[in-house]
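S.K.: Below are the chains, spelled out letter by letter.
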Amino acid sequence: MPDGQAAKEKKDNLAAKPGPRRRLKVAHPERCIGCDSCMFACSRIRTGTVSLQNSAIKVQTQGGIEGDFRVVVCRDCQDPPCAKACPAGALEKRPNGRAVFHKDRCTGCGSCEKACLVGAIAMGKENKPIKCIHCGACVDFCPHGVLELEEISPAAGG
Amino acid sequence: MRVDKMPGKVLYIDLTKGESWSEERQELFESWLGGTGVGIRLLQEECPSGTDPLSPRAPIILSIGPLNGFFPVATKTTATFKSPLTGELGESYAGGRLSLALRFAGHDAAVIRGQAEQPSYLSINDSVVKIKDATSIWGIDAQTTGVILRDCEPGVGRRSIIRIGPAGEARVRYAGVVVDTYRHFGRLGLGALFGSKRLKAMVISGTETMDVPDIRRYKEIYNRLYKTTVQTAVMEKYHDIGTSVNINVLNLLQGLPTENFRSSSFPEGEKISGEAFADNGLLRRVSCAGCPIGCVHIAALKTAFSKHHEFEVRKVSYDYEPIYSLGSNLGVDRSDGILQLIDVCERLGLDVMSAGVVLSWATEALQKGLITGKDTQDINLQWNNVDGYARALENIVKAPNEFYAALAQGADFAAQKYGGRDYAMTLGGNEVSGYHTGPASIVGQLVGVRHSHLDNAGYSIDQKAIKKHMDPEAIADEIIKEDNSRGVFNSLVCCLFARGVYTEENIIDSLGAVGIVKTEEDLHELGRRIFEEKYRFKAQEGFDLTHLHIPKRFYETVSAAGLVTPETVEEILRIYRKKRGWS
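Sequences listed follow chains A and B, in order.
For the first sequence, our numbering assigns the number 32 to the initial residue and increments by one for each residue that follows.
For the second sequence, our numbering assigns the number 11 to the initial residue and increments by one for each residue that follows.
Rather than coming from a laboratory, the hints here were simulated on the basis of the structure.
Note that the structure is a prediction, hence the values are computed from the model and not measured.
Some clues are possibly wrong.
[Said to hold, decoys possible] Some chain A residues well away from chain B (every beta-carbon gap over 12 Å; in silico): (1) Lys56; (2) Gly141; (3) Leu148; (4) Glu181.
[Said to hold, decoys possible] What follows is a list of derived Cβ distance ranges for each label pair: (5) B/Asp289 to A/Gln109: 42 to 48 Å; (6) B/His479 to A/Gln93: 52 to 58 Å; (7) A/Gly94 to B/Arg584: 39 to 45 Å; (8) B/Glu515 to A/Ser184: 47 to 53 Å; (9) A/Gly94 to B/Ser59: 44 to 50 Å.
Every residue, glycine too, gets a C-beta built ideally from N, C-alpha and C.
I would like the entire structure built from these sequences, with the hints used as guidance.
M.R.: What follows is the structure in structure tokens.
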């Protein structure tokens with residue numbers, strides 16, 4: 032299932048040439064039922080673990096189950112504050128606009144987490160960020176069509 | 011982090027001493043898997059014969075199983091205790107976010123002993139366990155308790171908050187524990203144990219991460235189970251109309267208990283059907299954490315409190331059972347009336363099924379003059395009187411007189427005191443669920459380990475037998491098969507709604523994927539052993555299958571399978587006992 036896709040997307044990610052790319056979008060947050068399948072998909076497929084902590088996507092209750100669910104995903108900013116905030120160059124802005132993560136350079140300082148107002152950076156194992164790569168693994172495991180992958184041109188974005 | 015290793019961490023909490031510690035009990039989980047298998051063994055260790063279930067000596071045991079957190083729909087937590095309602099085995103299951111919270115906090119089971127000196131709640135955040143003062147929230151309803159604790163405790167967004175309402179504090183024998191607002195440890199009085207221990211609530215959250223022995227194999231099995239769950243018809247019933255789809259089905263079959271089982275069909279049934287709820291009140295559906303189905307149906311109950319378009323809006327969850335117990339069983343023909351009564355039970359923290367059956371007995375007892383207006387304090391308990399029933403529920407908790415205090419002890423207790431035992435609808439001391447489908451439902455609830463319709467689904471066996479004749483022996487065989495296999499299922503701990511997904515093959519494969527090797531024979535053997543252990547506890551506490559009370563009403567009202575005769579029930583029971591080797 033999404034493994035091949037993830038690998039392909041990763042390769043796309045690393046391509047230096049700007050081109051169209053795909054971005055994860057919370058298309059219908061109101062349809063979320065809070066099953067957490069997306070979070071399990073992210074940790075399982077990205078990190079090979081069973082975890083809610085190691086997930087780049089976060090579904091949270093607000094005011095308990097009687098409130099609305101909040102679905103937090105990376106917006107894939109054109110000028111990513113997480114990359115700007117990183118003192119070690121571990122989050123690097125690519126010409127196509129996407130911030131990619133170099134684990135070996137990361138010192139685990141957590142500046143990226145603080146810089147993201149959306150709250151889309153999760154600190155996972157060894158206190159290193161789990162950065163969304165917009166691979167769409169979570170999309171395939173959303174039973175209610177909350178999530179979508181959208182095509183965007185290099186000029187677009189946040 | 012755990013790799014290829016059996017879970018086995020048991021958290022012990024002693025409320026009297028104010029202490030907690032963890033023990034590695036892998037051998038327990040290796041032999042008994044988890045959930046109810048581990049639960050019954052811990053109960054035997056912790057609860058000596060004859061223990062008063064509401065004394066400090068009586069334990070509360072919560073346990074999860076090897077699949078919780080790892081696979082879809084493995085969302086349940088087992089509670090095991092001695093029931094203050096039946097005086098023997100107490101067992102209840104809740105969904106919500108609890109099983110995941112326990113898993114990620116790293117506790118495979120929790121044993122709660124003793125009695126706190128003052129009202130307390132437990133804060134469990136990973137391995138940090140704190141017993142905190144709950145004096146300021148004692149007496150507050152179950153829903154508001156959740157709202158308050160949310161602001162005091164860490165783990166926002168994915169923790170589990172379980173709590174009792176005033177019913178548990180007052181030790182009503184069928185008080186439940188509300189789990190994450192819309193799910194419950196409902197049956198058999200766990201809430202009264204919380205109350206007796208002065209334990210108002212537990213807040214649990216965790217950040218642990220688990221590994222699996224072979225990630226490729228794990229993903230393969232996960233994908234298979236996930237696909238089966240969301241893409242096939244196996245679960246259809248649960249995510250469209252929900253369990254309440256059965257109101258119309260059973261009404262048509264003459265299996266829907268109405269007005270205290272005086273009838274098995276409700277002429278107004280259409281108005282309180284699952285379809286009617288879905289069309290008129292359904293607001294949204296939500297899931298237990300880890301389940302992609304979303305069977306929790308939540309309705310908006312909108313009540314005007316002035317003539318100027320001012321409304322109170324409450325979000326109330328509903329299912330088949332509360333619609334039966336507080337609806338057709340009380341002759342209530344309005345969905346908003348039923349939601350109002352469910353809401354009262356939610357706030358008080360009462361088990362809806364027992365509460366409804368207690369009220370339906372009281373209604374009939376008042377009609378027949380066994381009790382009077384003096385007993386009811388002038389509340390006119392009559393079919394469809396929603397406001398009267400709502401006030402009576404409050405009184406059951408407040409116990410302003412002897413009559414309401416008796417109701418707080420259950421229908422059978424009240425009927426033994428005031429009369430009318432022939433129509434106090436209990437089996438094995440537990441108020442019955444909403445099925446008058448035939449003999450298998452009666453026998454199933456009688457012999458079931460916790461006297462629940464979900465022990466062996468006798469109601470479903472009856473419906474099969476209506477389509478294709480089954481003799482008493484075939485019915486007994488089927489009950490035994492379900493008794494045993496559900497013992498395993500409830501040790502995983504998967505939601506029973508997913509039994510179509512978790513075939514034996516899928517159970518073996520999913521266990522294999524987390525490093526636990528079991529064969530078909532192992533599972534059958536385990537199911538048998540778990541059942542026997544439970545009966546060992548039941549017998550120790552005085553349960554005797556040869557001396558059981560069956561209310562005559564079951565034989566007077568036509569069921570989906572026609573009139574049931576005592577002879578048929580006796581015959582199935584006789585064969586059942588013989589096959590169990592107890593004759």
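S.K.: Now look at each hint and say whether the structure bears it out.
M.R.: We went through each hint and held it up to the structure:
1. Lys56: holds, 20 Å
2. Gly141: holds, 15 Å
3. Leu148: The claim holds: A/Leu148 sits with its nearest Cβ about 17 Å from chain B, beyond 12 Å.
4. Glu181: holds, 23 Å
5. B/Asp289 to A/Gln109: 42 to 48 Å: holds, 46 Å
6. B/His479 to A/Gln93: 52 to 58 Å: 54 Å Cβ-Cβ, so the 52 to 58 Å window holds.
7. A/Gly94 to B/Arg584: 39 to 45 Å: For B/Arg584 against A/Gly94, whose Cβ atoms are near 55 Å apart, the range 39 to 45 Å is violated.
8. B/Glu515 to A/Ser184: 47 to 53 Å: holds, 48 Å
9. A/Gly94 to B/Ser59: 44 to 50 Å: holds, 46 Å
In summary, the structure is inconsistent with hint 7 from the numbered list given earlier, while agreeing with all the others.
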